[in-house]
Amino acid sequence: MIRAVTEVVWDEIARPAGVSRQKKDAIFELCCRVAAMAERFRESGGGSLEKDAAIEKRKLLRFGLELLVEGADQAHIDFAFKHSPISLDLDAGTKLELAAVRTGLSALAAGRHPSVLLRRMTAVLGPEYFDKAGDWLAEKARKRRKRDQSLLVPGDLPDLVRSLALDPRSLERTMRAAGRELAVAALAGCAQESVDLVAGFYGPVGEAAFEDDAAWQRAKLSGDEIGQAQNAFAEVVKRLEAEGELELGPEDEFSSDPAFVRELTRAVMALDERSLRTVFKEGDSRILALAMQGLEPRAHERILGLLPNRVAKRLLDAVDDAAILPRRDVLLAGKTLAKAVLGHAALAKSGPPESLESFEKVRDWLEDVET
Amino acid sequence: MINWNAELAKRLACGEDERRGLGPLIRRFIDLARKARKEGYLALEAEAAQTEDPLLKVGLRLVAEGVSGDDLEDILATYLLANDEKGWPFLRACATVEGLVSVAAGDENAIMIRKLVAYYGADRALALLQELEGASA
Numbered sequence: 001m002i003r004a005v006t007e008v009v010w011d012e013i014a015r016p017a018g019v020s021r022q023k024k025d026a027i028f029e030l031c032c033r034v035a036a037m038a039e040r041f042r043e044s045g046g047g048s049l050e051k052d053a054a055i056e057k058r059k060l061l062r063f064g065l066e067l068l069v070e071g072a073d074q075a076h077i078d079f080a081f082k083h084s085p086i087s088l089d090l091d092a093g094t095k096l097e098l099a100a101v102r103t104g105l106s107a108l109a110a111g112r113h114p115s116v117l118l119r120r121m122t123a124v125l126g127p128e129y130f131d132k133a134g135d136w137l138a139e140k141a142r143k144r145r146k147r148d149q150s151l152l153v154p155g156d157l158p159d160l161v162r163s164l165a166l167d168p169r170s171l172e173r174t175m176r177a178a179g180r181e182l183a184v185a186a187l188a189g190c191a192q193e194s195v196d197l198v199a200g201f202y203g204p205v206g207e208a209a210f211e212d213d214a215a216w217q218r219a220k221l222s223g224d225e226i227g228q229a230q231n232a233f234a235e236v237v238k239r240l241e242a243e244g245e246l247e248l249g250p251e252d253e254f255s256s257d258p259a260f261v262r263e264l265t266r267a268v269m270a271l272d273e274r275s276l277r278t279v280f281k282e283g284d285s286r287i288l289a290l291a292m293q294g295l296e297p298r299a300h301e302r303i304l305g306l307l308p309n310r311v312a313k314r315l316l317d318a319v320d321d322a323a324i325l326p327r328r329d330v331l332l333a334g335k336t337l338a339k340a341v342l343g344h345a346a347l348a349k350s351g352p353p354e355s356l357e358s359f360e361k362v363r364d365w366l367e368d369v370e371t
Numbered sequence: 372m373i374n375w376n377a378e379l380a381k382r383l384a385c386g387e388d389e390r391r392g393l394g395p396l397i398r399r400f401i402d403l404a405r406k407a408r409k410e411g412y413l414a415l416e417a418e419a420a421q422t423e424d425p426l427l428k429v430g431l432r433l434v435a436e437g438v439s440g441d442d443l444e445d446i447l448a449t450y451l452l453a454n455d456e457k458g459w460p461f462l463r464a465c466a467t468v469e470g471l472v473s474v475a476a477g478d479e480n481a482i483m484i485r486k487l488v489a490y491y492g493a494d495r496a497l498a499l500l501q502e503l504e505g506a507s508a
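Protein chains in written order, with the numbering used here: chain A, 1 to 371; chain B, 372 to 508.
Hints in this document: simulated from the structure, not taken from any laboratory.
If a hint is listed, it holds; no wrong ones were tucked in.
Here are the computed lysine to any residue pairs in the SDA-like style, where the Cα-Cα straight-line distance is at most 25 Å:
#1 A:K132 with B:N454
#2 B:K428 with A:F130
#3 B:K406 with B:K486
#4 A:K132 with A:R144
#5 A:K220 with A:A110
#6 B:K457 with A:D11
#7 A:K82 with B:A453
#8 A:K132 with A:R58
#9 A:K95 with B:N454
#10 A:K51 with A:F41
#11 B:K486 with A:G179
Please model the entire structure based on the sequences and the hints provided.
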């Protein structure tokens with residue numbers, strides 16, 4: 001039986017039936033304001049709540065905000081709202097407002113993401129406000145879009161995530177089985193590439209929430225806590241694999257050949273800016289994005305730094321869309337890039353010799369990838 | 372631990388014929404879980420668009436959005452309790468919430484079925500369990 005129903009105090013339930021549309025709309029606006037406060041709190045800390053409390057006109061919300069400013073945790077918030085005279089003898093509309101405020105501030109104290117907080121708060125208004133809340137969240141998610149350009153990560157978990165991502169359903173299955181909190185804590189220790197691979201499973205609103213939570217936990221959790229979460233995540237993978245729910249390929253199938261990555265990176269770093277810019281501006285974004293999986297981060301930075309924003313964005317979008325490739329495909333994409341650079345150098349009759357030499361090595365890489 | 376209480380027991384009470392509706396509901400959740408595993412959880416949004424049940428509709432969309440665990444349970448319970456239902460509609464809503472939380476957690480069919488047949492009552496749960504496990508194998 002669901003816990004939330006077995007623990008309910010029946011005569012304290014606030015219900016939207018009988019509350020005017022106008023009042024419910026006003027409560028909805030209040031819910032959005034609290035979600036925005038939660039967002040500011042995450043960005044700038046407790047000082048923002050103090051300012052919000054000082055200017056808040058709604059009695060119930062100000063009461064709760066003041067509790068938070070004084071350091072109240074989730075249990076204190078719930079207790080204070082339940083036993084304060086402020087909660088006595090309320091009409092149906094104010095009772096509904098109280099339920100929304102108490103739920104929201106309790107979620108804020110528990111560190112919930114603003115999107116979850118808004119979903120929790122607006123649930124008291126009934127399903128007809130679900131879409132409205134979704135629109136508000138989608139707009140917030142659209143505006144917050146930000147991207148870390150680091151694409152290569154050391155350590156075990158990123159490799160595991162990349163392996164799982166070869167079959168997106170396997171990665172998603174693992175994420176769901178691990179649960180969101182554990183997954184976020186584990187991924188908080190990884191660079192953006194791993195988070196990007198995972199966050200896309202949740203749609204635009206969920207993706208934004210996952211990315212925000214991972215970044216927030218990264219600043220909040222200790223290295224040991226993240227390490228424990230990563231071990232627990234790896235245990236989930238082992239369990240699912242033992243149960244036959246996942247099938248992981250051999251590890252080296254997914255990791256790039258280090259010597260190849262070094263050589264291709266050396267070639268890119270030594271190439272003159274003009275040639276590099278031309279090849280990446282004129283080349284097929286999809287192929288170039290695939291080749292970038294065989295480059296070190298410094299080469300990513302150099303390439304992206306040379307390109308106009310529009311071209312860099314197109315390339316990053318292609319990187320986002322590209323599947324994680326097995327080693328053979330990374331080699332093949334790198335060889336294609338090498339052929340393009342050498343073709344351009346032959347036409348232009350120029351190019352730094354040490355770079356072209358490296359690109360020739362890449363083009364003729366001994367591993368037999370074309371059979 | 373379940374904090375059983377008289378009010379909850381009273382609300383869950385309904386006729387045997389009504390309770391038979393749990394079988395199709397559980398089968399629906401097995402199908403939804405299978406679809407999510409096969410096509411990804413975002414595919415549940417298309418299922419949400421086709422359902423008339425408001426609780427199942429919002430629940431599927433929340434699951435697709437990545438809400439799970441206590442958050443999902445609390446949100447869905449708030450919707451459920453706000454309706455002030457009794458009898459079969461209340462029982463069905465409770466099973467719907469349980470099913471959605473189970474889908475979100477990626478439970479295997481066997482686990483999900485065991486969680487949901489419990490709503491059928493101890494006397495009939497075993498028969499329904501055998502029937503459903505045979506069908507989902």
